[in-house]
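Peer 1: Starting from two chains that each stand alone, build the complex the way the hints lay out.
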Amino acid sequence: MADRLRAYRAVLASRARSQASYRTSFRLDLVGAVLVGVIELAEIWVLYSATDEIGGLTLAQVLLVFGVADLAFSLADLVAGHCDKLPVYVRAGTLDVFFLRPQPILAQLVTSDLSLRRIGRCLVGATALAVGLALNDVAWGLGAVGLLMLAVLSGFVIFTAQFVTAAGLQFFLVNGAEMTNAFVYGGRYAATQPATVWPRALLVVFGTIFPVAFAAYLPVSTLLGTRGVAGLPAWLGWCAPVAALWAVVVAAACWRWGLRHYRGAGG
Amino acid sequence: MPPNPLRNPYWRFLVAGFRGQSAYPLATFAGLVANATFGLLKGGIMGAAVDSSGGELAGYSAATMAAFVWLGQGMLGSVNFWGGSALQDRIRTGDVAVDFLRPVSVQAAHVLTDVGKGLFALLPRGLPSVVIGVLVSHMALPGDPATLALGLVSLLLGIAVSHATVYLVSVAGLWLVETRGVAVLYMAVSGFFAGLYTPVYLYPDWLLAITLATPFPAMMQLPVDVLSGRVTGWAAGQHLTVQLGWLVAVLVAGHLATRAGRRRLEVQGG
Chain A
1 MADRLRAYRA
11 VLASRARSQA
21 SYRTSFRLDL
31 VGAVLVGVIE
41 LAEIWVLYSA
51 TDEIGGLTLA
61 QVLLVFGVAD
71 LAFSLADLVA
81 GHCDKLPVYV
91 RAGTLDVFFL
101 RPQPILAQLV
111 TSDLSLRRIG
121 RCLVGATALA
131 VGLALNDVAW
141 GLGAVGLLML
151 AVLSGFVIFT
161 AQFVTAAGLQ
171 FFLVNGAEMT
181 NAFVYGGRYA
191 ATQPATVWPR
201 ALLVVFGTIF
211 PVAFAAYLPV
221 STLLGTRGVA
231 GLPAWLGWCA
241 PVAALWAVVV
251 AAACWRWGLR
261 HYRGAGG
Chain B
268 MPPNPLRNPY
278 WRFLVAGFRG
288 QSAYPLATFA
298 GLVANATFGL
308 LKGGIMGAAV
318 DSSGGELAGY
328 SAATMAAFVW
338 LGQGMLGSVN
348 FWGGSALQDR
358 IRTGDVAVDF
368 LRPVSVQAAH
378 VLTDVGKGLF
388 ALLPRGLPSV
398 VIGVLVSHMA
408 LPGDPATLAL
418 GLVSLLLGIA
428 VSHATVYLVS
438 VAGLWLVETR
448 GVAVLYMAVS
458 GFFAGLYTPV
468 YLYPDWLLAI
478 TLATPFPAMM
488 QLPVDVLSGR
498 VTGWAAGQHL
508 TVQLGWLVAV
518 LVAGHLATRA
528 GRRRLEVQGG
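Residue numbers (this note's numbering), protein chains in the order written: chain A, 1 to 267; chain B, 268 to 537.
Each hint should be verified, as a subset may be incorrect.
Stated by the list, open to error - Rough simulated footprint, nothing fancy, chain B against chain A, three-plus residues with beta-carbon under 8 Å:
1. 44-56
2. 167-179
3. 186-200
What the hints assert, rightly or not - Chain B side only, calculated, beta carbon under 8 Å to chain A, not exhaustive:
4. SER289
5. ALA294
6. VAL300
7. ALA315
8. GLY322
9. LEU324
10. GLY326
11. VAL420
12. TRP442
13. GLY448
14. PHE459
15. TYR470
16. TRP473
Because the hints were derived from the structure by calculation, they are not lab data. Nothing here was measured: the structure is a model prediction, and the numbers come from that model. For each residue, glycine too, the CB sits at the ideal point set by N, CA and C.
Okay, chain B solo, but in the shape it has when bound (with noise of 0.2 Å):
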């Protein structure tokens, strides 16, 4: 008899990210709370920009404007642009000697768990964001079911790619123990880099190519390209497959440094 795919320890590893961010409510209404007030301030600064600069600026309209800012906000819940995450604190405390003793791998069972509180996240944050940006905006939404569909394939891959490199910090504590500082970098570099503030597309040439490559893009710009439907058919296609591509280089990255800084790990205290 087959096993059953619903008690594979990593299927598991998924539901129980996703159920465990279902028991603070007020968590995250809070969390909406803050997200909608910088959705309007952000909406208002773009929208004035597009504006002041005739109706189009670097290709967005002021509804594809609206868009993206309120698609941004509604992904903040569901991807991890300040750096920290439970295992950083598991090194640092050495708790994480317990997880190498489990025969489950370790970079999958807490890539899974922070990707499932990615997705419920979606649910309480992201679509009310939606709702709010469609109410307080002309926003533009995605047109017909394939935009929509290939949009959440592209909004799953952003959030395992945020994660999965957010991985790659946290493991950096097996060489340095006190990760802190790698994350108030990565904290500061990511969200530029992968356009929560303004499209990348505004950035000059040279910055721009400095953007897109890194894998920052690929957590929330290009998924937001998709899901807007400013892209579509071939251009939706590539952008998808860059994603894949990133997802699979910070996968193999954190698997690469998971096995060398296993040996480096010393658990301090007793």
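So that you can see chain A by itself, here it is in the shape it has in the complex (with noise of 0.2 Å):
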């Protein structure tokens, strides 16, 4: 196992030591992906600063809900999200040497590349979360403990999920690859919002089929005890680990299908 391991380590590591070398622009770049952490948080606060609450929110509740998913996502997004890279490799024909090596070729495209960048945004995640935590009268215990770890690690496993999705349905999109942020980034975005604000059919996309809800929302409610979406049980924030492996199975099932779909561009 280990020595199976060892050819993506090397590779990781020299990814990443290529990006570290060019370092104004890695430096840039780090900077860049912090200040669009920070801008989102801005708007935030600008829009909970100018009301009390907004969908049964306060301001320290929605930061904590912002940081319980901007975590979970960056970290998804440092594993899993070159996969947006996925309809280029297939449009210049380069996917094909995947295919070649003895290797899974979804191992592969995650570790085709990694953005260092992207540890900014986690820092920016974590800091609100942290923020979160100290202003929120959270009741401290081996529970709370447990529903935040178990929120976190599931956004993340979810978060991934959809990423490996959209790469699957990639196969079939090409030149379509912008529909699959509907549900990737527009799901990120979803992710730091109060669901009660959501019509209905937002409420059935992102509670269910992409079930990013339940990465950071439902159990920040049942954490805090907050008034929830009506109709829903307060306790269905533990229910998060559930819903990732709903998330794993659709995009094994996407990928599985979408590969098998895959015919080469010739070349």
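Peer 2: Printed below as a string of structure tokens:
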């Protein structure tokens, strides 16, 4: 096992070194990634400062939702974010090379790039999470810690699965790659919001099909005991791992389906 | 005999941009799906914000807020908030040397092509976004033809300011070669200052003052104000004047930067 992983480790280490070697560009990238996160936080601050609460959450509470969602997404982005590049590989025909190597295609795709600048984004999410925990009146105990860890971990799995689902669908879409942004990046945006404000149709999409509501809002809602979506039980936040499992099943199906559909680009 | 204006090369750049975009219907449709999803999410949170502050937030009612969301989503395919452009690749690869040999202005050619693409996007992305907005919300629409006409002029100015400003980002490549970092910074601030996420009028006074001192509101917030009928008459005229002012400013800056930068350009490789 260790032997088999050594190849991946060597590849990833070389990617990391190659990025850090263009220092100015790397620093600018890192600053840019942090800035994007900070500005997203600023938008939430602007909106929630203008009014007392939105969708049953105060500024402090939504900060915690944002922290959990953003940390989980940034980690997923760090690991699987470049699955976005798949249409480029398909169009250029470079994906065919992956088929020649004795490693799983998905593992190769995931290790084909490692964007260290995305670490900057993780820092923003982690900071928001820490500040959110400090500002809110959390009933600390084994349950609270467990629920938080479960939320971040499930969120990470859900978002990673979304990236893979999107990659699987890219085999069909190619030029229509932007369509998957609706649930990958739209899902990220949705995860930072209180689900109470969504129209019914979105609740179905982001609560069940692409279950990002389980990545942050529902667990945090359970943790803080806020008024949740009408008609849903308060303990629903504990079901995050079930949602994560579902997301993985969907991702595996989409990926296999897409890979079987792929016929090469010639050349 | 006067030359046929339709054969003018700059008119052709505009048309080429417009037509080039129509070659990718699936990509355009995909963009619309993503746009609409974000619109529904944004509409949900902004609508809830108006509700929880008693039906009026910074001068926005539920109807005008819905108009803000859906007109803004409709403009997304036509303005550039990500900071990238074809010119950046041409500078990095050195192809831009060929552009400089042509007997046309590099700035005008690139800005016009991008504006042409932006104008095309209004048909498959702009209009459907507004239609979706009307279907899912009670959004305010321009009431009379005069408002609509002013709004369309404002829209055109907004698209032009956006692409003329991104040209400045690209032309920085004549000095830097790789402009990825600049583009990322542009992406981070442009949407925020343009009023892509929340109306800029929600910002605290100091932040609003900073925002209004940048060209970004002229790209989205001001055209949306005029189109939705939030400002009319003289105030709308003022909006258009500000937009025109920014357009001239960024075009002049782009012209000067091109003139200074082309002496700095070193094409690598051979």
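Peer 1: Hint by hint, where does the structure go against what was stated? Just the numbers, ascending.
Peer 2: Per hint list: 4, 8, 10, 11, 12 and 16 violated.
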